[in-house]
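Q: Protein sequence lines correspond, in order, to chains Z and H.
Position 326, counted from 1, in the first sequence is what this note's numbering calls 338; the numbers after and before it change by one each time, with no gaps.
Position 44, counted from 1, in the second sequence is what this note's numbering calls 124; the numbers after and before it change by one each time, with no gaps.
Keep in mind that a hint or two might mislead.
As the list claims (entries may be wrong) - Over the 12 Å line for every Cβ pair with chain H, so calculated as not near, a few chain Z residues:
hint : residue
1    : 34
2    : 40
3    : 58
4    : 68
5    : 75
6    : 247
Claimed, not checked - Some, not all, of what chain H presents toward chain Z, calculated at C-beta under 8 Å:
hint : residue
7    : 99
8    : 121
9    : 210
10   : 233
11   : 234
12   : 243
13   : 246
Claimed, not checked - List time: in silico PhoX-like cross-link candidates among lysine-lysine, alpha-carbon distance up to 25 Å:
hint : chain 1 : residue 1 : chain 2 : residue 2
14   : Z       : 50        : H       : 242
15   : Z       : 156       : Z       : 69
16   : H       : 201       : Z       : 364
17   : Z       : 210       : Z       : 227
18   : Z       : 208       : Z       : 220
19   : Z       : 369       : H       : 242
Just so you know, these hints were derived from the structure itself, not from any lab.
Since this is a predicted model, take the numbers as computed values, not measurements.
Glycine included, C-beta positions come from ideal geometry on N, C-alpha and C.
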Amino acid sequence: MAHLSDGSLRRIYDDPDAKTGADALHLENCVACQARLKAVSEDARSVASLLAVPDVKVDVARAFSQVTSAPAAQPKFGIRLPLVRSTSRALVLAFAAALAMLALVVTAVAQGGFSSTPTTVKLVPVTVADMQALYQLSDYGTIKWTTKPDLQLVPSADQVTSTVSPPNVGYVPSNVSKNVTYGTMSKAVATFTFSKDKAEAAATKHGKTLPPMPKGMDGATLTVTLGPAVAEIYGNLQQPASGSDITQAALPQLVIVKSLVPTVSSPQVGAAEFERYLLQQPGISPSLADAIRALGSSGTTLPILVPVQFSSHESTTVKGNAAVALGDNTGLGSGVVWISGKYVYVVAGTIKKDEAKTIANNLS
Amino acid sequence: MTVARTNDDAFEALFTAEYARVVSIANRVLADSHEAEDVAQEVFIEFHRLHSASADYAPAWLHRAAAHSALNRLRGAKRRQRRELSQAAGEGDQTLDPQKQLELNEDRRNVREALGRMAPKPAAVLVLRASGLSYAEVARSLGVGIGQVGTLLRRAEETLRKEVTRGTSI
Numbered sequence: 013m014a015h016l017s018d019g020s021l022r023r024i025y026d027d028p029d030a031k032t033g034a035d036a037l038h039l040e041n042c043v044a045c046q047a048r049l050k051a052v053s054e055d056a057r058s059v060a061s062l063l064a065v066p067d068v069k070v071d072v073a074r075a076f077s078q079v080t081s082a083p084a085a086q087p088k089f090g091i092r093l094p095l096v097r098s099t100s101r102a103l104v105l106a107f108a109a110a111l112a113m114l115a116l117v118v119t120a121v122a123q124g125g126f127s128s129t130p131t132t133v134k135l136v137p138v139t140v141a142d143m144q145a146l147y148q149l150s151d152y153g154t155i156k157w158t159t160k161p162d163l164q165l166v167p168s169a170d171q172v173t174s175t176v177s178p179p180n181v182g183y184v185p186s187n188v189s190k191n192v193t194y195g196t197m198s199k200a201v202a203t204f205t206f207s208k209d210k211a212e213a214a215a216t217k218h219g220k221t222l223p224p225m226p227k228g229m230d231g232a233t234l235t236v237t238l239g240p241a242v243a244e245i246y247g248n249l250q251q252p253a254s255g256s257d258i259t260q261a262a263l264p265q266l267v268i269v270k271s272l273v274p275t276v277s278s279p280q281v282g283a284a285e286f287e288r289y290l291l292q293q294p295g296i297s298p299s300l301a302d303a304i305r306a307l308g309s310s311g312t313t314l315p316i317l318v319p320v321q322f323s324s325h326e327s328t329t330v331k332g333n334a335a336v337a338l339g340d341n342t343g344l345g346s347g348v349v350w351i352s353g354k355y356v357y358v359v360a361g362t363i364k365k366d367e368a369k370t371i372a373n374n375l376s
Numbered sequence: 081m082t083v084a085r086t087n088d089d090a091f092e093a094l095f096t097a098e099y100a101r102v103v104s105i106a107n108r109v110l111a112d113s114h115e116a117e118d119v120a121q122e123v124f125i126e127f128h129r130l131h132s133a134s135a136d137y138a139p140a141w142l143h144r145a146a147a148h149s150a151l152n153r154l155r156g157a158k159r160r161q162r163r164e165l166s167q168a169a170g171e172g173d174q175t176l177d178p179q180k181q182l183e184l185n186e187d188r189r190n191v192r193e194a195l196g197r198m199a200p201k202p203a204a205v206l207v208l209r210a211s212g213l214s215y216a217e218v219a220r221s222l223g224v225g226i227g228q229v230g231t232l233l234r235r236a237e238e239t240l241r242k243e244v245t246r247g248t249s250i
């Protein structure tokens, strides 16, 4: 019989009863393995000692009270999206792309293309503080839905009424549920109206003076168009009846989203002026400013903001299209985002990054 | 409403069952009970925001998230290393004499720096196992086969020892 592996010896140190009869017999008669077990055991004890920490006494009731009374996440851009109500769980991921786009257009405005349709994606690592700074844009104006998104869950592809057809999925990891639910989001339009008064108040709050606004900026509108979009949701959803409240569904393991790429338009404000103005705002960190400038002014790149402190990320390709992959291979969560033609695609879920890439490359 | 109440009840049960262990995992990384509770509460809030509390993967998700969140915090926050000495002194073995306490604090700092230099998965396997998770629980948390845990653990221990040695010899 071959010698026992290091892994087996390590397990035997922790749980002597875990070894098989053959392993036990070998160990009893093999001086070499006995010596290795001794070394493995000493290493294990040594590391256990290194990692020793004082016990923590926790007050579970107090902690639970703190957690349940924690304020809800701030609504992005001053508007409460219908998808992110506290009870909404199902389509938070399913329409992550569409929601993310709303955040991303804020950076897109710095691309210089105010009547643009992105054709590719680009990675923009940012800190959480940078992202929070972006969310504060509601301090500089008012955002409202001109057309609210209508969200529906249906149990089969046949019942998808969206003008966007769901993609064909050629590969699904074996550990992902084969239960598929389809979600649709209608076209939605949000408008951001700049306000000089609000912007001045925001600057004062930061202890700074608002840079002079370009002519026409006060009251100028920025219109963002999202969707329509369709999502394929893999997981054992607490599936409601067709057309019922989507907020009662549970978390999916995997979502595949296909959406018309978002567009941004602003008839009143020149692109270069707006970029310069945005970069001058209080709260925009130097790193984000650099990232915005790095995007160039083609108006055809959709920046994918990645929180550098929480997620590994990389630029990659999906069927020859520039893509951004997020997450890692632990399976904790990962995703891939890319644009092909007039659609933006997202593959995301509690899967490994390599799996997300494989799924992406097998869509048709 | 019935669904919501049921889910809230399930979350409370999950919290009660797992909070101490999630804190323990974070504390194993950070050696700072207050920061460990911060991490644990963030992890639970994130879980509750996105997941069903009755999901069968809930404990494994929480354990893994606690390890990774704490490791992220460890890597991202140099301030921790500065705080650690004073923090650990407050929580340490009060029977140790000051010189031994200083040495213990220095050892803890070196170990945390070494953990922070390790790849996420080996660091997590060490932390989870040292926090008392069984081989089966570690396997579920990391999404690996139970037969791989011993090997991962052994390699991670070797790596940690090398990193600690490297850190103290610089």
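Q: Against each hint, give a clear statement of whether it holds in the structure.
A: Structure-based check of all given hints:
1. Remark: the non-interface label on residue 34 of chain Z is consistent with the geometry, its nearest Cβ contact in chain H lying 15 Å away (cut-off 12 Å).
2. Distance check for residue 40 of chain Z against chain H: the nearest CB is about 19 Å away, which clears 12 Å, and the non-interface claim stands.
3. At roughly 7 Å, the least C-beta separation between residue 58 of chain Z and chain H is not larger than 12 Å, which violates its mark as non-interface.
4. Consistency note on residue 68 of chain Z: stated as away from chain H, yet its beta-carbon is not over 12 Å from all of that chain's, at 4 Å minimum.
5. Here residue 75 of chain Z does not stay apart from chain H, with its beta-carbon only about 6 Å from theirs, under the 12 Å limit.
6. Not every CB of chain H is more than 12 Å from the CB of residue 247 of chain Z (nearest about 10 Å), against its label as outside the interface.
7. Against a cut-off of 8 Å between C-beta atoms, the interface hint on residue 99 of chain H holds, since the closest Cβ of chain Z lies about 5 Å away.
8. The interface hint given for residue 121 of chain H holds, since its Cβ lies 5 Å from the closest Cβ of chain Z, which is under the 8 Å cut-off.
9. At a threshold of 8 Å, the smallest CB-CB gap from residue 210 of chain H to chain Z is about 4 Å, leaving the interface hint in force.
10. At its closest, the beta carbon of residue 233 of chain H sits 5 Å from a beta carbon of chain Z; the interface hint therefore holds under the 8 Å criterion.
11. Interface restraint check for residue 234 of chain H: the shortest CB-CB distance to chain Z comes to about 4 Å, inside 8 Å, so the restraint holds.
12. Because the closest C-beta pair between residue 243 of chain H and chain Z is about 10 Å apart, greater than 8 Å, the hint is violated.
13. Nearest Cβ of chain Z to the Cβ of residue 246 of chain H: about 14 Å, over the 8 Å cut. The hint is violated.
14. Distance check on the hinted pair: residue 50 of chain Z and residue 242 of chain H sit about 19 Å apart at the alpha-carbon level, within 25 Å; holds.
15. For the proposed pair residue 156 of chain Z and residue 69 of chain Z, the alpha carbon gap of about 47 Å is over 25 Å, so the pair is violated.
16. Restraint check: the Cα-Cα separation between residue 201 of chain H and residue 364 of chain Z comes to about 13 Å, which is no more than 25 Å; the hinted pair holds.
17. With a C-alpha separation of about 16 Å, the suggested pair residue 210 of chain Z and residue 227 of chain Z falls inside the 25 Å cut-off, and the hint holds.
18. For the hint linking residue 208 of chain Z to residue 220 of chain Z, the alpha-carbon distance of about 14 Å falls within 25 Å, and the restraint holds.
19. Our distance criterion of 25 Å between C-alpha atoms is broken by residue 369 of chain Z and residue 242 of chain H, whose separation comes to about 34 Å.
Consistency note: the structure conflicts with the earlier hints numbered 3, 4, 5, 6, 12, 13, 15, 19.
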